[in-house]
Amino acid sequence: MTNHYIDLKNSDCILIMGSNAAENHPIAFKWILRAKDRGAKIIHVDPRFTRTSARCDYHVPLRSGTDIAFLGGMIKHIIDNNLIQEEYVKYYTNASQIVSPDYDFQDGLFSGYDAEKRKYAKNTWTTEKDAAGIPVRDYTLEDPRCVYQMLKKHYKRYTLEKVSSITGVSKNNLLKVYNEYGATGAKDKAGTECYALGWTHHTVGSQNIRAMAIIQLLLGNMGICGGGINALRGEPNVQGSTDHAILYNILPGYLKMPSGPVDTLSKYLEKYTSKSTDPQSANWYQNYPKYAVSFLKAVWGAKATPENEFGYSWLPKLDDGKDYSIMHATDQMYAGKMKGFFAYGSNIAVSSPNSTKVRKGLEKLKWMVNVNIFDNETSSFWKGPGVDPKTIDTEVFLLPAAASMEKEGSQSNSGRWVQWRYKAANPPGDALSDGDITMRIMDTVRELYQKEGGAFPEQILNLKWDYKDALGNFDVAKVSKMINGHYNQDLTVITDPIKGTTEENKKGETVPSFAKLTADGSTSCGNWLMSGSFDQKGVNKMMNRGKEDPTGLGLYPDWSFAWPLNRRIIYNRASCDLEGKPYNPKMKLLEWTGEKWVGDVPDGPWPPMANTEKGKYPFIMKADGVGSLFGPGMAEGPFPEHYEPLEGPLATNPMSAQRINPAVKVFTSDLDKVANADQKFPYVCTTYSCTEHWCSGFTRWQPWLLEAMPEAYVEISDKLATQLGLKNGERVRVSSVRGEVTCVAMVTKRMTPFEVEGKVVHQVGMPCNYGWLNPVKNDDDSVNHLTPAVGCPNTFCPEYKAFMVNVSKA
Amino acid sequence: MKQELIKLIDLSRCTACRGCQIACKQWNELPARQTENFGSYQNPPDLQWNTWTMIRFQEREDQNGILQWLFRKDGCMHCSDAACIKVCPTEALYHTEFGSVSMHEHKCIGCKACIPACPFGVPKFNAATNKISKCDLCYTRLQANQLPACVLSCPTGALTIGEKDVMLKKAYKRVKELGGDASVYGDKFLDGTHVVYVLPEKPEVYDNLPTDPKMPLTIIVWKDVLKPAGLLVAGSVVAGAFLHYITHGPKTPEEETTSEGGKLS
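Here the protein sequences come in this chain order: A and B. According to the numbering used here, the stretch in the first sequence is residues 1 to 810, in order. According to the numbering used here, the stretch in the second sequence is residues 811 to 1075, in order.
Bound conformation, chain B alone (with noise of 0.2 Å):
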């Protein structure tokens, strides 16, 4: 591995300019789609084949009955115990020499079955190109010692990259300054994530964020157990389909999303 990297979210510092959401989007050529406004500054509603990361808005009253308005960049967590990549019966998904999680395109059969795998919601399925779509935290930008996207675009500081030591130490540094409820995310569980957070408040408090995220039990059994043996015996396409069975049971994934119901603008 050349160098471990991670980004670091400092919650306190957004201001929800949202420059990181429209610079990845002009970066990675994601076009926009017709939005409605549903009574929020949130918009797209959520993480989408054409949005990797976005800010979700949030209004909440503190237990001093104080209004917050929370905003969070939501986005792939670039795990280093990654579900997707573990699922993926193609090695489409695979670890960067920087620990972060990309994708080999053409190997991608649109299985769908990183979706429900990812413990943050972020995969998400293109039908037109019959591909799942997502973050690859710029890789190309990072061979090329370039800031990701998002980063570069952010004014105040809330978005930074650098070795993996020096940013978490940057911090835990950072969460002993705000003190209260502040935590860091992301560094202990699934081996510890390439995104990691400064949360000012509890990470519960947090919409679409989980506390305690894990690697599902139907992918260890899968991966550590039945994957093995399946390969020997069967194509890629097939092991696809086996895996789809067993992730999804009767359940079809909640968050696929197509290019119907919203036309390309």
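For reference, chain A alone in the conformation it holds in the complex (with noise of 0.2 Å):
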């Protein structure tokens, strides 16, 4: 979330779409329903009536796997109608900024297309820049080829007819959310919008949230109280682990993982630091190799010295053009290029797509580490449905593991507060912490490397490993000091150097604050996000409890700890005009008095922007200091474009000749089928978790829930049913082109059919948390045997939210 939860309740209009936020976050919905107290209007757009639905001002249905046309559509409308917040736009975004001659948008196709590799070549999506290397810009925004304009051309052909048609949303509709929306372009009014796996499970994920980091910016609504793009993120620590690095293509604090060409770090922080000479740019990322340097200072401690880099070449790197998602991982099971593997906490039999070709590729393997709490249907495929355990060569491990409440430690809500959680009971038998298991393979592994010597033993052996306490056990503390960073030395900082004054630093010292890191070795830091967790004096302020709210805007700066530095709500100097007054008196986030800002912690301490001299444009993560309507960094394109899932009900996508994003890149194994536009498979279907079971369904094994939500269900709608001869509560099957299901149909209104280019389209939807071996009544099994492995190529999340299929009895 660029806020956090308890600002929800700050907001105007909430449009809540890509999310079922009642069901998935039913405790952070309260501040939804005290916005809703306030007077705020509440948007769901979903494509079925949930629990959110329910509570919401109205529910608008949409086709599932067309956000984007929706959302241009929106876009279209707040420009055609000057809904704009006209100064934020003009200077606080690239609006004015000149998009190169050599940028092309043509039927679905954007400028450097490679159709053989699937990918772009992005060096003509760029803007302009004079001599000194400062942007050109047109505060008027009439140049035709200034980023506003650009948009306003790519958008015109989102009109009302096309939207409504792709998405089957009745023009009406349409017109009630955008104007509805549109309405928190005025300056003291606040939009927001909260999305989750409804927006990121698509093939143009993260072109469903650009779209609409792009509304947001045109309506004046990052960062200020009450709007943001607010990602509700899961349950299970999401937030925590996306910060440290769970992900494949980051490093922790999403530094970027290095790739074999990138082979010396002069190179690496070359590539990855953020330039600019424009002097009213902060310019953020210039500061990349400080947060570099101090994580390998982190990893490899005294080893890391100047000479060899700080270890930089013992940092494994990716392939070059490589990708390494868990789909990439499965694939590379199933054409038995993978000897082991490690699930750690999860469930990819159940919870990855294709579950037929994982539970393939599971079976070529040579060993499988599972740590769970509860035997689950991965440590088990080896006695799965249609498996002979005699033909399973795979020796799987399972590891008993500490629940979350059996072990002590962080954890980061979706808010950015990271909040010290204390062990409630030891954890049974022989179950340990998930640092207590590492730690001992660990071990295991460095004594082998020590005796036995290995092909690349300096990465293991000289790893930084005192993580211990005097018991020999994991110590959570001692790793969150690392993470927060320290001093390896005694430092003294020069302050002022006209007043002659200095800053001294003692060696072991946690270090307060990121702006305290270096890039020559005297500090270290295993995530820079988190730098300022702990004070210099140790204080843990991840464990602050204080309830003090001085802005009584829902603040609480006493309440744990808020990654970056505290700061509740990012980009918040955008909240103040060029000034640095408030543009909404009533909500005042943040205020310049003419010496410093007060409010919320600043994104930095300088003046605002119209002291010409030391004032900073407000986005100061970004090289030009502005927020991004024209956003190159994408793999897809600058700007988000409607594409159709991979697979859909139409033959045709009806934007443009390129139906399925031109940038995704499609598994080409036996199992990988696909059936577009397929009588066969008439349905659209989308996939889901409900309130009462967790992911992949460890809750099946806790008899109230199970009790709660007994079995899988496909949720289908009165005419369908009809259609189909089904009755309420029936058991059916539902299959597509890779696999089948049996479940319970859920004959109801809350689904509707669309129509869509003139014809009706009927979808059904289906929860994600069952598989076969609990409960083991019917042999009801994961719906991800019905899932296709594509995913979206900025992040490969897979596409378990549109794809086709059939319904028939059992």
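Treat the hints with caution; some may be incorrect.
Simulated crosslink set (PhoX-like; lysine-lysine; CA at most 20 Å straight-line) [unchecked claim]:
no.: 1; chain 1: A; residue 1: K468; chain 2: A; residue 2: K187
no.: 2; chain 1: B; residue 1: K998; chain 2: B; residue 2: K974
no.: 3; chain 1: B; residue 1: K986; chain 2: A; residue 2: K36
no.: 4; chain 1: A; residue 1: K171; chain 2: A; residue 2: K90
no.: 5; chain 1: B; residue 1: K917; chain 2: A; residue 2: K36
no.: 6; chain 1: A; residue 1: K36; chain 2: B; residue 2: K983
no.: 7; chain 1: A; residue 1: K36; chain 2: A; residue 2: K176
no.: 8; chain 1: B; residue 1: K1012; chain 2: B; residue 2: K986
no.: 9; chain 1: A; residue 1: K171; chain 2: A; residue 2: K187
I should point out that these hints are in silico values taken from the structure, not numbers from a laboratory.
Reconstruct the complex from the two isolated chains, following the hints.
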């Protein structure tokens, strides 16, 4: 979240799209209801009418996978009706910058496309700079090639008729949402968006969010109270695990994972250190080397020296142009190219797309380790449906893990609040915390390398590896402190060269802020974003539980620690005008007094940008200091464009000649079948989690929860049920070209057919929480037997939310 | 009486997360039973001896054809003029100092008289223990100045509990805010219940919710006419049997639940 949960109450209009907030974030939903109590409009746009819809002002059904068409229409509506926050758009976004004459967009393709590699060269996706390297700007926004005009041109095609025909949303409903949300372009109004997996689980997942980012910038809704783009993240510490690099393509704190050709630290720093010659741009990522070197120092400690480039060569490198998502991993498994696999707290036999292929892949492993609090379909794959255990050679280890309440540590909520969580009980039996399990495995690996040597022992043996307490157990406090960072030597820093003042830092003291990190090896820091979670004396701010709210806006600065630097709303300088006065005087998030900012922790100390000498632009993480309407960093183009899901009901894309996202990679094994616009699979299917169960379903072992939601079901409209002669509660078979599952038909008015391109398209929906192991009745199995293994080219988040199925009586 | 309390259920804030349903089972150590999905999110399908509270899910189109999904937390209303107490021959059911209806389990003889007596279908019979089983508004928690488990679990503020007058004021204020067909349900019958709803729609819209709940006539006859005489001449077991005959006649309680037909999981 750019904002935080409590801040949702400050909004005037909450668009819940791509999320089932009430069901999947039931606790946080109270803040949405608080906003409603204040008179805010709450809108739910979703393929299904859910428990969220029931508590919103109204629900707008939309065909799954057409969010960009919907949002593209909103962009056009905002521009055509001049609903923008004009000052904000001119000065706080790149609207005024001039797009390179080489940039082009024709019939669904941006310039630079390589059809063979299904990849774009992005060198034409640039804006012009003057001789000094500063972006050329036209603040009148009239230049036909300025970003604003190019944006207008791009979305000109997203007419109400077109959008309605693609999405299946009536024109009346489109206008209702567009006008209501567009009204938050007023300076003293705030609109916010809550999304979750309903946006990310698409082949255009990242661009769904980008499209909304454009809307929020046009309406001046970023950086303000009650605004922002708010990813409602999952309960299993999804925010924390992402911050700490659970994904293959990032290092902790979202530093970049290096690839093979970037073989020296200097090349790496050159590649990823952001550059700007604009004196008004803070260009915060110019500090990249400080974070990268401090990270290397945290990993290899004293062994990381300037002479060996702080151990950079020991960092694993990605093969250039190769991807390593879980879909890639299971593809490799299925191809027989993977020997061993750690399924740490995961159940990929249920949760990964195309489960049939995943399970076949598991059969080809030599060994697999599953670390979990229960047995699951992954650790028991060898005795699963249709599997003869005698034919399986995979050796499976199931290590019993401590549950979240049986261990101490930090947990981050979606609003970036990192809260210390204490241990409530000891784990049962032999169960250990993940930290202890990892520590013991690595201890043994290190012993083996020490004794026997190996192909590349340095990276293992040189590790800084002193995270145990006196009893030899994993010491989470030591790890947390290393993540925060500390001084490796006594360090005197000159704070004011004129007055001659200095700051003395002692070796071993915790670093109180990432602004203190250095690129010369004098500091270590495991994750720069977490720097400041301890103060310099080693006090853990994640344990803070102060309930004071000095601004009255619900920031609660003394409750836990929020990264970065306890800032509760990021980009907050954009809540004020060029002079530093709040756009909405009733919600003073921040105000420039003439000397300093008061309110939230500001995005940097500099004066507002009207001060042309010392002032800085508000979006300090961007090299040009402004929000990106034109976003050249994406895999599939600088403006989001509607493409159909990999499997959909239409043979062509009504918007262009490119049916699917041109940058999507498609797997080619014999089990990666696709059936688009195929009459054998005529219904759109979407999948989701219900309130009562957790992800791939370890709650299925909890009798009360199983009693409440006992078995798999398919939600199906009364109209389709009539057509198919199905009765409510009857058992049915749902099939896709990849597999089939059985479940109960839940016939409901909450599902509605859509009129798409002149024909009726039915949609059904299934929960993803079930598997064959438990409950055992009826042999129901994972819905992911149906889903295709394909994902967003930026993140490889799989397309669980839109694919094609058939439904028949079981 | 110590302090009369009201638990307010504001259905306009309920998201049907069912935290209350599960928390109730956890605190009161009520086991789960194997259920089936019968084409609804609602489960168990009804109140049972091991399910003292549950959310009812109901789809409906309003007069303008707008789809609504109504959620109602069902459970004991804790009536002031409580039919179950009136009808109970052994004084197993009784009013606590908070106005809630609790039960001395050792006094319950399993006569089931309270089952048909209750206008809300709340008391359920547990064949394994031969006793009645129902919500006691977490009496021991109230005694310890703790919130009932359901109220504690509610994330949205749909469930709150407090002093009678304060809660009624709150309920009427909320109804005014909601406007339309919203109403307060509970204060106008059976001398006022200690569970009160804010209903966003008219009472008759909701499944299994009586619009005009009344003390059954047979009970009035029994309680005020026959029981005083009857108890003089008979032990309580006999009286119970007699009562059972009077209140049921040839009819058996419809909602008798037993532990057969569903195994404990």
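Here is how each hint holds up against the structure:
| no. | hint | in the structure |
| --- | --- | --- |
| 1 | K468(A) to K187(A) | violated (53 Å) |
| 2 | K998(B) to K974(B) | holds (13 Å) |
| 3 | K986(B) to K36(A) | holds (15 Å) |
| 4 | K171(A) to K90(A) | violated (30 Å) |
| 5 | K917(B) to K36(A) | violated (48 Å) |
| 6 | K36(A) to K983(B) | holds (16 Å) |
| 7 | K36(A) to K176(A) | holds (18 Å) |
| 8 | K1012(B) to K986(B) | holds (14 Å) |
| 9 | K171(A) to K187(A) | violated (27 Å) |
Violated hints, listed in ascending order, are 1, 4, 5 and 9; each of the other numbered hints is respected by the structure.
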